[in-house]
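K.L.:
Read off the chains here:
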Amino acid sequence: MSNSVLEISKLRKSFDTELVLEDISIKVPEHTATVFIGASGSGKSTLLRCINLLEPIDDGVIKLDGEEITDVEINPDEVRRKIGMVFQAFNLFPHMSVLENIILAPMRVKGSSRDQAVDQAESLLKRFGLLDKAHQYPDRLSGGQQQRVAIIRSLALNPRLLLLDEITSSLDPVLVNEVLKTVRDLKAEGMTMVLATHEMGFAKQVADEVCFLKDGRILEWGTPDQILNKPQERQTQEFLKQVNEAGRL
Amino acid sequence: MKNEASREDSASQFNGENSQSKYDFGGKWQPSELELARRAARAKRNKRSAIIAALSSFFVLGGLAVIAVTSPGWKLLSDTFFKWAYGVEVLPKILLGFITNITLTTIATICVAFFGLSIALVRTSKAPALTPFRILATVYVDVFRGIPMLLVILLVGFGVPALQIQGLTNNVLILGLTAVIITYTAYVAEVIRSGILSIHPSQRAAARSLGLNYVQTMRHVILPQAFRRVTPPLLNDLVALIKDTGLVSILGVTDAVRAAQIASSRSFNYTPYVMAAIVFLLITIPLTRFTDRTLRKSIEQQNAQGLA
Chain A
5 MSNSVLEISK LRKSFDTELV LEDISIKVPE HTATVFIGAS GSGKSTLLRC
55 INLLEPIDDG VIKLDGEEIT DVEINPDEVR RKIGMVFQAF NLFPHMSVLE
105 NIILAPMRVK GSSRDQAVDQ AESLLKRFGL LDKAHQYPDR LSGGQQQRVA
155 IIRSLALNPR LLLLDEITSS LDPVLVNEVL KTVRDLKAEG MTMVLATHEM
205 GFAKQVADEV CFLKDGRILE WGTPDQILNK PQERQTQEFL KQVNEAGRL
Chain B
108 MKNEASREDS ASQFNGENSQ SKYDFGGKWQ PSELELARRA ARAKRNKRSA
158 IIAALSSFFV LGGLAVIAVT SPGWKLLSDT FFKWAYGVEV LPKILLGFIT
208 NITLTTIATI CVAFFGLSIA LVRTSKAPAL TPFRILATVY VDVFRGIPML
258 LVILLVGFGV PALQIQGLTN NVLILGLTAV IITYTAYVAE VIRSGILSIH
308 PSQRAAARSL GLNYVQTMRH VILPQAFRRV TPPLLNDLVA LIKDTGLVSI
358 LGVTDAVRAA QIASSRSFNY TPYVMAAIVF LLITIPLTRF TDRTLRKSIE
408 QQNAQGLA
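Quick mapping for you: the protein sequence lines, in order, are chains A and B. Going letter by letter, the first sequence gives residues 5 to 253 in my numbering. Going letter by letter, the second sequence gives residues 108 to 415 in my numbering.
One or more hints might be untrue.
Taking lysine-lysine pairs in the BS3-like style, the calculated list, with each CA pair at most 30 Å apart, reads [to be verified]:
1) B:Lys404 <-> A:Lys114
2) A:Lys137 <-> A:Lys31
3) A:Lys234 <-> A:Lys14
4) B:Lys404 <-> A:Lys86
5) A:Lys86 <-> A:Lys191
6) A:Lys234 <-> A:Lys218
7) B:Lys233 <-> A:Lys67
8) A:Lys208 <-> A:Lys185
9) B:Lys404 <-> A:Lys137
Note that these hints are calculated values from the structure, not bench results.
Chain A extracted, bound-state conformation (with noise of 0.2 Å):
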């Protein structure tokens, strides 16, 4: 392994009184995938938010191709840029069209012209078959549009790292499917990755490395083979036996 995008040690977060996550150590180098999985609760999308620094922490490091993004001296402004997110409930903004929500941050954030920022919006556009989407408002949308839509957006900064957090949670089975084949295409380019996913089948497909996090700790960590067929932990095997009965390996 090379050089890691991002690399976590030792990193703690509580809410109040409840501790969320604890003693989390990960590295996650260029080009690969890593996929957190685990009841909710267990603190996935904490950890994701905590890496965009939309959460403050309480101990650890975070690295963000060595340098570290946790300093108090550094702008967070700055570090989101080079991070991309997608979340769970899109997060569009429905008072802009598909392209204004695209462009806002590369005109905005980048200070692209809005020529530059309207013309990589739309070869995005184009490159994820939603150009005839462009002039539409989210609302016209369904849910697995809308979703590729909010990971073109994140696109659009060209981040060093992108962050998925249960993007397919809130779509249904038909739906899922073209997300997940966006994100395997962006994964085939070598976009490195970090995801929270209750999708096992699409963990499998996408992950160099899968993490099963427990009650806010990484209890179990290694190639989706080990993890998702031969789990050596009695509460990794548990919550696998139950996601299978659930219908969602």
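Place chain B on chain A using the hints.
P.N.:
Then chain B, alone, in the frame of chain A:
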């Protein structure tokens, strides 16, 4: 028949955009006997409803009018309040006064929008440097939202000149305007603040995760959505503001209310007050209707977003 058409419209919307082409088999479809009978029955029922509504309105409203006009006090009442010839005579003076109300409303609206937004932003921000301003803004809003506006007008209009400070104006128009602005800024600041707080935190998270800073997030993401949401209550406040400019007449400003008062006291007839009321209503009723329509649209928009 009009009812019929709109019902079909909403039905086709419910079935999705393509329902027309999907169920219209090459234009050869003809409604069945059963459907034709149903339509006829519906038309008949609608016609009967319309007749009943018309008859009932005629008898109830007509009856009330007859009772009013034939009652023994009617003559006195109409001479006191509805002496139209006198009303028309004093109308120019009242309209001239109303220009003052409109001017006050216009200037106040601009100032209130600016100060109201500023205070809402101060109150919703978490910047430590703004802490003293946040405290002041909170106290200000609490105080001026909680006391009668008439009291503020009296305090500013009569109190400030009593200080006899050099350079401060004694112009009652400006003092009255100031009092109106002070009071309405407090109302409007709260409306805008509630709009800002009503935008889901996930919108802020999405904007910040794209690297937008606080100001950019407010300017491009939060405020546009917040304003769309609070437009109806803000329009309500505008209607209230137009009416309340009449209160500055207590300071001796010759607005529509004051003009009516002068005309009325000269003749011991109250028609000028009624004329002033009508002048206000000519502006406020259309604006209220417009507000209702805006509110309905805004609710529809939010429902559409909820469905997506």
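K.L.:
Tell me if the straight-line CA distance from Lys234 of chain A to Lys14 of chain A falls inside 30 Å.
P.N.:
Status holds; Cα separation ~26 Å.
K.L.:
When you check the alpha-carbon spacing of Lys208 of chain A and Lys185 of chain A, does it fall within 30 Å?
P.N.:
At roughly 14 Å apart (the allowed maximum being 30 Å), Lys185 of chain A and Lys208 of chain A satisfy the hint.
K.L.:
For Lys137 of chain A and Lys31 of chain A, compute the direct alpha-carbon distance and say whether it is at most 30 Å.
P.N.:
violated, 37 Å
K.L.:
Quick one, are Lys404 of chain B and Lys86 of chain A close enough, alpha carbons at most 30 Å?
P.N.:
violated, 39 Å
K.L.:
For the pair supplied as a hint, Lys86 of chain A and Lys191 of chain A, confirm whether the alpha-carbon distance does not exceed 30 Å.
P.N.:
Judged against 30 Å, a Cα distance of about 17 Å means the pair holds.
K.L.:
Lys233 of chain B and Lys67 of chain A: Cα distance at most 30 Å?
P.N.:
holds, 27 Å
K.L.:
Going straight from one Cα to the other, do Lys404 of chain B and Lys114 of chain A come out at no more than 30 Å?
P.N.:
Roughly 36 Å separates the two Cα atoms, so the pair is violated.
K.L.:
Would the hint linking Lys234 of chain A and Lys218 of chain A be met if the CA-CA limit is 30 Å?
P.N.:
holds, 17 Å
K.L.:
Does Lys137 of chain A lie within 30 Å of Lys404 of chain B when you go C-alpha to C-alpha?
P.N.:
holds, 24 Å
The structure shown violates the earlier hints numbered 1, 2 and 4.
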